[in-house]
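Chemist: Dock chain Y against the given chain D, drawing on the hints supplied.
Residue numbers (this note's numbering), protein chains in the order written: chain D, -10 to 684; chain Y, 24 to 661.
Do not rely on the hints blindly, as some may be mistaken.
What the hints assert, rightly or not - In silico EDC-like pairs for lysine to aspartate or glutamate, Cα to Cα no more than 20 Å straight-line:
| id | chain 1 | residue 1 | chain 2 | residue 2 |
| --- | --- | --- | --- | --- |
| 1 | Y | Lys185 | D | Glu517 |
| 2 | D | Lys407 | Y | Asp327 |
| 3 | Y | Lys286 | Y | Asp258 |
| 4 | D | Lys406 | Y | Asp258 |
Since the hints were made in silico from the structure, they are not lab data.
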Amino acid sequence: MSWQAGVDIGGTFTDIVLVGDDGAVVRRKVLSTPHDYSAAIRDGMIAAMQEHAIAPADIRRFVHGTTVATNAILEGRGAVTALITTRGFRDVLELRRLRVPELYNLSYERPAPLVPRRRRFEVEERIDAKGRVLTKLNVATVKNALQLVRESGARALAISLLHSYANPAHELRVAELARRILGPQIFICCSSSILPEIREYERTSTVVINAYIGPVVHGYVKRLQAVLRDLGIPAPLQIMQSNGGVLGAEAVLEKPAYIVESGPAAGVIGGARIAQRSGNANVVTIDMGGTTAKASMVEDGHVTKTSEYEIGAGINISSHLTKGRGHALKLSVIDVSEIGAGGGSLAVVDRSGVLRVGPQSAGADPGPVCYGRGGTTPTLTDAMVLLGYVNPDGIAGGAVPIDANLAHAAIEREIAKKLRRTVRDAAFGIYVLAATTMTRAVKAVSTYRGRDPRDFGLVAFGGNGALMAAQIADALQIRRIVVPQMPGLFSAFGLLIAQPEQEFTQTLFGRTSGVDSQEVEAAYRGLEARARRALLQDGANPDMIEVRRLADLRYSGQAYELTVAVPEGRRIDPRDLAEAFGVEHQRTYGHRALDEPVDLVSLRLQAVERVKAGREILPTALLAAARSAGKPVSRAVYFGPEHGELPTPVISRADLSGAARSGPLIIEEYDATCLVPPGWSASIDPMANIVLSAE
Amino acid sequence: MKAEVDPITLEVIKNGLDSIADQMALVLMRTAYSPIVRDSLDYSTAVCDREGRMVAQGLLTALHLGSFPFAMRNLIERWGGRMAPGDIFMFNDPYGSGGMHLPDIYVIKPIFHEGNVEGYATCLVHHTDVGGITPGSIAVHATEIYQEGIRIPLLKLHDAGKANETLMAMLGANVRVPHKVLGDLRAQLASVTRGEQAYLDLLRRYGPAALARYVEALHAHAERVMREELSALPDGVYEFVDHIDGLGETPEPIRFQVRVEIKGDEAFVDWTGTSPQVKAAINAPGPFIYSATYLAFRCLAGRDIPNTEGYMRPISVIVPKGSIINPSLPAAANARGITGFRAFDAVMGALAKAVPDRIPAAGEGGATNFGVGGVHAGEQYVFAETVMGCWGGRPDRDGIDGASNLAANQSNQPIELIEAENPVRVVRYGFVPDSGGPGRFRGGLGIVRQYHFLADEGLMTFRTDRRTHLPYGVNGGRRGSPCINILNPGPRHRLLPVLPMEGYRVAAHEEFCHVMAGAGGNGDPLTRAPDLVREDALDGKITAAYARAIYGVVLTGRERTVDAGQTAKLRHRLRSARSELIALGHLPFFRRALSEMIASPIPVTSVALEPAVRGPGAGKPRPKPAGARSGARRRGSK
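Just chain D, with the same shape it has in the complex (with noise of 0.2 Å):
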């Protein structure tokens, strides 16, 4: 029997999922090993597979979620890098967009560039708007230049001259001459060829990134690639990235930038297939775990990608206006809403007596004070345990003891003697502002979009999604929840259902009305040329690759883009375009221009390699592993002022095969809780996921 592993690692732990072809599941969670990410793969893959006798040559996909690349940003781990610009523009990476995150903060400080002034170099060539050469590229102050790197001290080398989108010639020449000059061991990278769209800043920074990573990366992927030839799994190396999905080592070497959302990525991707197979294609996906709350919507089964994002910017709402907080990064990754707000997240009483959870968190050490491990201020987890939602007996099946007269004892301390409120209203008042800050993340990728809520489902996973997911239903209106299997694991899950993709863009600007069907055809067949090419050399089944074509427009003189789809199959019609650009438009805000000009600006590409069905896991198995032992449990539970505290029944996810069950319920599982209040019902679909209806 052939198997597939998924591994993702997070901050505290690495998880693993093995499914075989009979839908066999294998789960396994380990400590992470951050000195060697690797070290925790190699010990928890040799762990599952000798635990079921599954020989490493049966693994043949081996799908890896990673915050590697993240994590040398934030950490700044990554390489010494240089760069090298247009003369007169060395400045533009520190300039940024000027703009800074926070209003009236007088000690805002802003993030350091990824190379600091000393390491960005200047060289002598100009090449105008349309492409045009307008000073010829100076060979002597290129090799000056080069000479100053080398000096430096920098392993990596960024190359980033104004217009190259238009023009790669000089950067590419550039890049020949350091290859020449500074040899094979730095890692040297084009911003044409990273990113070739518009606007020098956040391109700049986006080849930056990839530079300053690129060493990390490299490092990274060789050792695991070591690991698993030690191991004797045959299968090849491939790696989420951020826009969900996969692609091989050896792209991922040369474009590391690509896989910087890896992490993420993989729970939106299971979300969406979730969605379609229950039949919902349209859902918000909910992943709350330790510290942060993500939100993504998926749409007709899509996953919605943007360009719009930093890196290192702590929290990274999809709103535009929060711009400034990290270095941007100018790739298609996910479109997630991520706020603070978490089970270790902090509540505390600010001074002007106002309560607030979050953004800090208590991280995995202390903890929430109820782990008893030296926490003094209040989380959301420890409000949870009181309210009743969480066991308070122990999580993850005890091994996590839980002290709730610690709980107690804080919340009345620091909150509810503060607001003069009882400490069960308290821990409730922590409770709703949790999912109030949620919610706002839920709105940033729906209604922010023009998109209503109401429309959509939820799903819901990581450890806390399902405990929060209703509340947040309720405050907008979304009638019906999805929790998916192994919720804890869900994002190590989604990378087997993530499929190889490959996406290539090339600017043709232009007014829609004068677009040359022709030109677009061409342009389209040479993109999909090229993704096929590269799905190939990954190893991809010619037969099973499916390619979507995608069109960015805008009216002419926006500065912001729609994407539509563009059907294949037939002449591209210009009037087409800037008719599904006039419907998306208004669609998303609200209304559209009849008689203004339509700009054509990007075509896009994205080529995916279906991967064969009969990987999907059979629920048997994993309800045989989560029906409960024992009589029936419940438990006294708090569900705010309009219901009060009601005996709760506390069941498995097993347990609701049968008839819906309504309210309140608990559903108690190895790694996640969900949470059922008055006024909702519990049932299980053929896929053993756990689906949660309004009455």
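Modeler: For chain Y alone, coordinates are given in the frame of chain D:
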């Protein structure tokens, strides 16, 4: 019905209101047509309650925030009780309608729920052009508002859901780029419509009575927080004077005199003594100065205060009628931004005397406005942008090199987009070494932006400042570096004034180089950590010679190693040789660095030595601060 206010629900509703204002801002940005909106983000959105009081504001241009109260009061006075569902109002006129200057067009949509007006969705956008004597409409040399473009009194843009085509046509015919202006106006309509929908959701959820009660509680909360902040300031009278350099080739300083009295939990801000209105477009109608004043207090508070009108209640402001900060018809106002920036600087300077350990030195002095337009290849073009900025040295850290002004959180425009869309090239954009004000924590560096014109003809205008009255330092930190404007850098260059009283005809391949003022420093430069000096030297932000002369830090070799022994000796010597001249000793370095950079000699410009905020010892009420006199102008050293 119990009328209790639950603190949790209050926070939930505040969150909901903020999210409406943000959402409106997002819709506006994504659908706008002109770069000044979509890239510079020179616009604001706000949600107002049924009384017209602001309850939430999008995270945008801070200097707009105090302007909505005036606009809303006027609207309700004129139209209260006579509005209909589907009405949308529009205006820009500062005289009688509550506007600030003509380019800022307000759009306001009353929100009806069960037949009553329960709130307002509002936004204002700085439009690329509203007509007038120069492209971009920011002509400093306009002497009356009638030269500045189309004046729109409070009118209905939509009447009960029906678009006012006459008004749109009238507007379109009076601006140079109707395509952009009407496009942006459509974006404003989309924004207020989205705001209306979101506000209706809140109304449906909580009901009008409960929502009104919670909104009231939000105002009260904001007021209480501001009163607590004011109570924490030492009681006393704090005065400060700052200046705009003045107009044209022979500038007369324009005085900003502010007296801030802190008394218990209230603040009284009196601008009496500020210069009278001028025959140029830098007069700032009252609302703008209120904004600048509130803003300074908000920054000082340094904590999360809801963006509701309540926090303004404990702050009283007096703006003398007929002054540059409260002009009378027909004073021109389109370039009034600079006046708001300077008012903000002045209040911050006064507050620095109350709490010297909490206030930064002055920043670059406000956004530069630059515009050029004309006819190129048979088509009308207008290119306009704002340029910023750097922050002054702070009590515990350096100012920022390259950040929006605190009062106007705006972006730069991507050079590649500018060049793709306009007959203009940007040939240089970066820091000027040895600029800014030295200090224990130094001011941000000056920024250079140089344009190369490609059109056969163009009319260039700009609005800059801070060449003579440099950004002030605090606590012994030194003044920043001056603003320099040079036409055609090189041996035959021409130095242009900061606030020219004319537009300049520029031909193809002429160039204009603008250098913003560098920010002021905080604390004695001779106490700056030598390692920080070394880091700046390694980054080429200062030269080794500057490190030695200004900071007394001796750096040696390629690695710029600090020679501790020599540094101690040198610092000792410099300490004993202090004089006012040394206070400007950094300026020759700046001139040298800039002239090397742009291959053009930089002339000595005059510098006014007063006022600078003198360090500790402030905090006590002073009868008359030394900084209140001005005009002691002197040549810059050497």
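Chemist: Take the hints in turn and mark each one as holding or not.
Modeler: Against the structure, the hints:
1. Taking the CA atoms of Lys185 of chain Y and Glu517 of chain D, the gap is about 48 Å. The hint is violated against a cut of 20 Å.
2. Among the hinted pairs, Lys407 of chain D with Asp327 of chain Y is consistent with the structure: their alpha-carbon atoms are about 18 Å apart, no more than 20 Å.
3. Taken as a hint, the Lys286 of chain Y and Asp258 of chain Y pair is honoured in the structure, with Cα atoms around 5 Å apart against an allowance of 20 Å.
4. Taking the CA atoms of Lys406 of chain D and Asp258 of chain Y, the gap is near 32 Å; set against the 20 Å cutoff, the hint is violated.
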